[in-house]
Structures are given as C-alpha cells and as structure tokens.
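Trainee: Listed here are the chains, written in short residue letters.
2 protein chains.
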Amino acid sequence: VRYELYYWPSIQGRGEFVRLALEEAGADYVDVARRGKRGMAAMMKLLESKSLARPPYASPFLKAGKDIIGQTALILFYLGPRLGLAPRDEASRLWVHQLQLTITDLVVQIHDTHHPVSGWLYYEEQKPAAKRRSGARRTSGAIVYRNSSAISNACSAFPKRMKRFERKVPLLIALHGRVGQRPRIKAYLSSERRVPFSQWGIYRYFKELDG
Amino acid sequence: VRYELYYWPSIQGRGEFVRLALEEAGADYVDVARRGKRGMAAMMKLLESKSLARPPYASPFLKAGKDIIGQTALILFYLGPRLGLAPRDEASRLWVHQLQLTITDLVVQIHDTHHPVSGWLYYEEQKPAAKRRSGARRTSGAIVYRNSSAISNACSAFPKRMKRFERKVPLLIALHGRVGQRPRIKAYLSSERRVPFSQWGIYRYFKELDG
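Going down the list, the sequences are from chains L and E.
In terms of the numbering used here, the first sequence is residues 829 to 1039.
In terms of the numbering used here, the second sequence is residues 829 to 1039.
So that you can see chain L by itself, here it is in the shape it has in the complex:
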C-alpha cells in the first residue's frame, strides 16, 4: 500500500512525527498537500467531507487504502507494526503509545507558550500572557526528560534555555544525536522533503520568551 499523508505543507508541526516514521522505514508514501494547490485542495476536501463515516477531526491524517486515520499518536500506533518500527507484544506496543501520548501533551504545552490565549489570535496580541506562560514552563521543563524526540524542537524554540538544560540530560541529547545519524533520517533531513523550521509552526523562536 502507498501511504498518503495529509498535513499543512509549510510547517513541520505534528505531521513531522509521521514523516520521520515513514522516512525511517523507507516507506512508499506521498506528502499530499506538498504537491501544490491540487494537494491542498484534496486535503481540504477530505477534511470538509460530510460523506465520510469516520472523518478525521484535523490534520495530520493518513490514508492507507480505505482506512483514514487522524490523531498523530494514533497514526504512529497504526504504522508501528506495519512499518516494523514498534515491538510486537501488546504490552510493549502500548508502552510506546503511552510515551507518544505524553509527547503529544508536551507539544500542546510548547505550542501554548506562544499562543496561551488562542491559536486564532496573533502572537503579538497575547504577548504578556505568553511571557508569563514561558516562565512557568521553565519550572516544569523536566517533562522533556522522558521525551527525546522533542529535543530538536525545543532547541529551535528555546535555544538559550535548552543550552543550560542540555547539561542535565546527557543521555537524552546523545539519543537525539544518534537518531539524526540514522542513514535514512540523515538523508531525509538534508533533502527537499524536509520542511525547514519557521515562525509559523509549533516551535517558534521569540527572543523574549527564551528567558
């Protein structure tokens, strides 16, 4: 089966977790919305469809034959055994999923450091709350401890703070480095398939929030 990933074409965002899994496995897939206007139209058509019995609530979602699956962690749970990336026994598979769900919580926490009031308002409209929230994040930053795949994202949003934090989690930093050296991941990261970091995704850099 050729997998079809549907996600916003100009940000890494939540779609990046799925892209990394597909790339690591060398899977046959299409990043549909990055194929230009037609791809975006195809994504919006599915998102707004009223005839789908099991519609995804938002992107990213994955189309695999007739299956359409939303929710990032669920997509990974679905792909894991199919791509040979997850353990086979139930308890271990559920454990990997539990870690991914905790990473999902972390992603919301990070996103909300710059958009604590609403994702529908500009950052500039919620700067004071963002400053306070980022300060609060610092104290509970220890959550990163158990979430290695969040490292490069956190580094891009909070370079100064992460520099200090890195010394406390050497194994995590080493793991992050090793993942970046996996042959397929390395090739992917320097390819055109990789969306660059930007000021429009989840992990935005604002000097004043990097206390």
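Worth double-checking, as some hints may not be accurate.
Identical copies carry no separate label here, and so any pair may be met within one copy or between two of them.
With a cut-off of at most 30 Å between alpha-carbon atoms, the simulated DSS-like pairs for lysine-lysine come out as follows [unchecked claim]:
hint	residue 1	residue 2
1	1035	873
2	996	959
3	991	878
4	991	894
5	959	1035
6	991	873
7	873	996
8	996	878
9	878	955
10	1035	955
11	878	865
Calculated from the structure, these hints are not laboratory results.
Position chain E relative to chain L; hints supplied.
Mentor: Chain E alone, transformed into the frame defined by chain L:
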C-alpha cells in the same frame, strides 16, 4: 483481575472517564486514592518510583495485575475489549480511540480556559488571559459537536453559554441524556463513589468566563 484505578480523590477530572467505563461494565475495581491517606500514599509511591521499568508520567493510571498503564485514552483503549465496551475489529477499535483522543484535546482546551498561563498559578493570577481565552473558545466551541461525553462537563463550566448551544446539537444532548439513564451509570451517579463537581477540577464555573 481486580482493576486498581489511581487518581486524585477529590476531583472528577480525567479519572472520571475511566470510572465511567468501569462502572458501565460492572467491573471489579478499587478507586485506590479515595481509600484515604493510605491510598494516596500508594499512588504517590508508584508515581515517584524509580524502579518501575515503565512508569506512568501522571495520574490517572491503571494497575491490572502486572500491567501499569498511564494516559486516560490509553487506559480506555486497554479496557475497551476487556470490559466488552469496544468493537472487536481493528478499524472500529481505532476509530473509538481516535474519538477519545479528540476528547482528550478538548479537555485540555477546557482546562486552559481558566488556566491559560499555568496550572501552577491560581485562577486569580491569570484572570485577564482566562477571560480572553474563554471568549476565543466560544468561536471554536463547535468542537463539542463530535464529543458527547463532554456535555455534562461543559454544562457545569459554562451553563449560560451551553444553554444557547444546546439548541444547535439536539442529538448530542439526547445521547448525553440516554447515557445518564443507563442502569449502572444512573446508580453510579447517585452513589458515594461519584465525586461531586467542585472548583478544583478541570470544569470550574466562573461567572465572568461564561459570557
């Protein structure tokens, strides 16, 4: 197996999703931390344990024999087939899980209407941001559409706003009513096992946020 649920004893919170599943199935379970000081101590001991190979990050978590499982949606995914509450075929089971994950997102959204800056600060310390966030929520309140189990919670936090919204989603309101009439759920809701709504949980009522 006798299930052990570990969750804060004085709030419904995320634990309530698990309590409702266990009650509907008439399962043999203990709500450990509600057993008083000893129960709380047992929960904290597990949460702070350094010897568990697969530690839950936070409560609620479930102990089923040797399995310890964190993340509300995952606990429900685990219990579903065991309690006969979820469909058997993979696609349907994943669909139910997808819905629960979207409800999980909604719970964060609701919690953050009164704590947009940080869960570590009092509501009074983040009132202006909370007011703006609750206003923003109104425009995107349509997410409740697809999440029937969130209804009674939303009603307790936003009674005025929900009154207006109810007219738009009659089927959802009817479904919510039917669930409350299920014999075991009905018995549970009027029992001492049910934690009452309070100002300390996820769904708090603040007059000024119910615009």
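Trainee: Any hints from earlier that this structure breaks? Give me their numbers in increasing order, please.
Mentor: As far as the earlier hints go, 1, 4, 6 and 9 are violated by this structure, in ascending order.
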